[in-house]
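Residue numbers (UniProt numbering), protein chains in the order written: chain E, 1 to 247; chain S, 1 to 224.
Just so you know, these hints were derived from the structure itself, not from any lab. Here a beta-carbon is modelled for each residue, glycine too, at the ideal position from N, C-alpha and C. Please note that a few of the clues may not be correct.
Unchecked claim - Restraint-style ranges between C-beta atoms, simulated for each label pair:
| id | chain 1 | residue 1 | chain 2 | residue 2 | range |
| --- | --- | --- | --- | --- | --- |
| 1 | E | G15 | S | V40 | 44 to 50 Å |
| 2 | S | S48 | E | I41 | 23 to 29 Å |
| 3 | S | A223 | E | I41 | 37 to 43 Å |
To be verified - Chain E regions said to be covered by chain S (calculated; three or more residues, Cβ under 8 Å):
| id | segment |
| --- | --- |
| 4 | 18 to 32 |
| 5 | 129 to 135 |
| 6 | 156 to 166 |
| 7 | 185 to 198 |
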Amino acid sequence: MNYNWDWNVFFKSTGIGKEIYLDWFISGLGWTIAVALAGWIIALALGSVLGVMRTLPNKWAARIATTYVELFRNVPLLVQLFIWYFLVPDLLPERAQIWFKQDLSPATSAYLSVVVCLGLFTAARVCEQVRTGIQALPKGQNYAAMAMGFQQAQVYRYVLLPQAFRIIIPPLTSEFLNIFKNSSVASLIGLMELLAQTKQTAEFSANLFEAFTLATVIYFVLNMSLMKFMGWVETRLRVPGMMGGAK
Amino acid sequence: MMGFDFSQIGPALPGLMDGMVLTLKLLLLAVSGGVALGTVLALMRLSSNRLLSGGAKFYVNYFRSIPLLLVITWFYFVVPLIFKWISGEFVAVGAFTSCLVAFMMFEAAYYAEIVRAGVQSISKGQLNAAYALGMTYGQAMRLIILPQAFRKMMPLLLQQSIILFQDTSLVYAVGLMDFLNTARSKGDIVGQPNEFLILAGVVYFVISFGASTVVKRLQKRLAV
């Protein structure tokens, strides 16, 4: 291997203003986190509603949620992203179209598309976890709550959901990590998140290996620290008396 | 508002078929390579040799914590360089090979976890019985443990392969003309990008949904 490693490259000037390459990585990481967190809020909110719908006795509510899940799980993420970024704006009323295509900066319109896309995409996965969590609870919980005169909404609000959410923290964690990784597709519609900044650094500086190694390390550390954090959350919220609760 | 006009899809079908053939070729090679490498990794992970199991664990954790798109992009640049170091001369590797290597190595990490769980679900008595019959470790794995494990984990392996089928669309990033990329460029040429995008979405949906319905049936039948 005759490759000249040069780790100082990140502190060199990019030739644009006073920026050094490290600044690009920091701003890229910022976008990645901004996309993932905003998408996660949508995914968690919508996914919970859909997950509850799938467990309701009302057949239509369950059917709608099932259709949503099948639709969003069987179309590739990239196709969904293109649909939100290229197709959906064309279907908007004219004023909204002009706003999206002309008034917004390219970064903002790409950001909005990718957040909506990832949010709805991940919601289908969150829905399945929430449903599993609710169905994992003993039926007696539901009956006991009804026997105490709770209405259906109250049963979910006070009895089922607080327990279900605590059980499904591990699978939700992996969805949460996935949304960070999936946010890299934003680079394909021109949002300068971490992967796009990495490619740009590799092309500008010609220090390909260093740029991609740093990106890998950032993703790796981000992943590991989020996993540790969620592990801590999980131990704090563990339901006493359930499997794994005694640890 | 705009109307949709699907008139140009008919003439574009042969080109779209070529794209689909490339997608499926990539998928089949990536699945076979990924499962093979994943099985090796799983056996390493289960080995009592600390170095082997540690190495496999690191490999799996490493690839599971970075985005597939990063791997595809990186390998696109790196695989030609590695070929050059190995063979000493420059070889034109091409996007297909570099994508294939990226998918194999990335998916191997996911397949390895499935295979590991599958092997661990086989009762220990099976291995002991095989040893009692005088089999070596290799024979016991190949003839006794792995066939049972694969039967148990077949639905999971297929589910993962359906996910991989959808993920092959990410080769768009390096310009490989797979199904999605073909649909995008054909649509742009004839000025009907939205219609071709919808078509691509429908085709991916039908294949993935159909395949996962079949897998669910298979799962019920294979249940031991």
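Tested hints:
1. E:G15 / S:V40: 44 to 50 Å: Roughly 45 Å apart at Cβ, these two residues keep to the hinted range, so it holds.
2. S:S48 / E:I41: 23 to 29 Å: violated, 45 Å
3. S:A223 / E:I41: 37 to 43 Å: Holds - the Cβ-Cβ distance for S:A223 and E:I41, about 38 Å, lies within 37 to 43 Å.
4. 18 to 32: The restraint on the segment 18 to 32 of chain E is violated, since only 0 of its residues have a Cβ under 8 Å from chain S and three are required.
5. 129 to 135: Violated - the segment 129 to 135 of chain E has 0 residues with a Cβ nearer than 8 Å to chain S, which falls short of three.
6. 156 to 166: violated (count 0)
7. 185 to 198: holds (count 5)
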